[in-house]
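So the sequence lines, in the order shown, correspond to chains A and B. Numbered according to my numbering, the first sequence spans residues 1 to 114. Numbered according to my numbering, the second sequence spans residues 1 to 116.
The hints are simulated quantities; they were obtained by calculation from the structure and are not laboratory data. The structure presented is a predicted model; accordingly, all values stated were derived computationally and were not measured. Hints may be right or wrong, so weigh each one.
Below, in silico cross-link-like pairs of lysine-lysine (BS3-like), each with a Cα-Cα straight-line distance of 30 angstroms or less [unchecked claim]:
{"#": "1", "chain 1": "B", "residue 1": "Lys16", "chain 2": "A", "residue 2": "Lys52"}
{"#": "2", "chain 1": "B", "residue 1": "Lys16", "chain 2": "A", "residue 2": "Lys22"}
{"#": "3", "chain 1": "B", "residue 1": "Lys16", "chain 2": "A", "residue 2": "Lys40"}
{"#": "4", "chain 1": "A", "residue 1": "Lys40", "chain 2": "B", "residue 2": "Lys3"}
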Amino acid sequence: ETGVTQTPRHLVMGMTNKKSLKCEQHLGHNAMYWYKQSAKKPLELMFVYNFKEQTENNSVPSRFSPECPNSSHLFLHLHTLQPEDSALYLCASSQDKGSYNEQFFGPGTRLTVL
Amino acid sequence: AQKVTQAQTEISVVEKEDVTLDCVYETRDTTYYLFWYKQPPSGELVFLIRRNSFDEQNEISGRYSWNFQKSTSSFNFTITASQVVDSAVYFCALSEAAGANSKLTFGKGITLSVRP
Chain A
1 ETGVTQTPRH LVMGMTNKKS LKCEQHLGHN AMYWYKQSAK KPLELMFVYN FKEQTENNSV
61 PSRFSPECPN SSHLFLHLHT LQPEDSALYL CASSQDKGSY NEQFFGPGTR LTVL
Chain B
1 AQKVTQAQTE ISVVEKEDVT LDCVYETRDT TYYLFWYKQP PSGELVFLIR RNSFDEQNEI
61 SGRYSWNFQK STSSFNFTIT ASQVVDSAVY FCALSEAAGA NSKLTFGKGI TLSVRP
């Protein structure tokens with residue numbers, strides 16, 4: 001596998017379910033990101049991890065819980081979501097958190113909350 | 001605060017036409033980075049180019065070219081002789097060199113449709 005992979009690609013869940021999104025990067029990067037992409041809105045940065053440490057939480061509701069066990073893996077744990085949380089969730093990685101680094105994105109998980 | 005404006009939301013052209021995607025940014029920093037990404041229907045954003053604020057040279061890569069003008073805070077992207085495979089959503093993004101708090105701010109994206 002190369003680049004950034006995300007699983008599952010599609011997820012439908014009820015508001016009372018608990019699920020997790022997984023991201024894995026095979027690029028040897030040290031920074032990983034979660035973004036939310038809703039229709040007609042700019043990409044919203046949710047969380048940033050740099051060398052496994054969370055460096056940014058962009059005022060994300062606690063029903064989203066990130067986990068970064070190592071520099072290659074990033075999870076987003078979901079519980080008691082709302083229908084407005086339906087969106088494309090994109091994971092990205094970069095060499096580190098420096099502003100000059102381009103980010104490499106995965107294909108995203110299309111989440112639908114019923 | 002940094003901001004990126006992509007005023008065009010959807011553009012439709014016929015194959016072989018040239019098309020320019022506009023990007024205007026706002027920042028108080030003197031050092032910053034500008035990016036363009038392409039998002040095809042498959043979903044993942046693909047990095048196209050990075051430009052730092054001290055390098056105003058225009059860049060050409062095949063059918064793609066970028067025009068960076070600090071005087072108008074613009075970083076426009078032109079596709080020459082467009083092809084159907086260019087159909088995608090294109091995002092312009094800005095990153096300030098603010099160290100620990102630097103982050104990438106995206107515009108809303110421009111949906112480009114190239115018809116055969």
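To see whether the hints hold, each was checked on the structure:
About 46 angstroms separates the Cα atoms of Lys16/B and Lys52/A, which puts this hinted pair outside 30 angstroms; it is violated. Taking the CA atoms of Lys16/B and Lys22/A, the gap is near 40 angstroms; set against the 30 angstroms cutoff, the hint is violated. Restraint check for Lys16/B and Lys40/A: satisfied, since their Cα atoms lie roughly 28 angstroms apart, inside the 30 angstroms limit. Distance check on the hinted pair: Lys40/A and Lys3/B sit about 16 angstroms apart at the alpha-carbon level, within 30 angstroms; holds.
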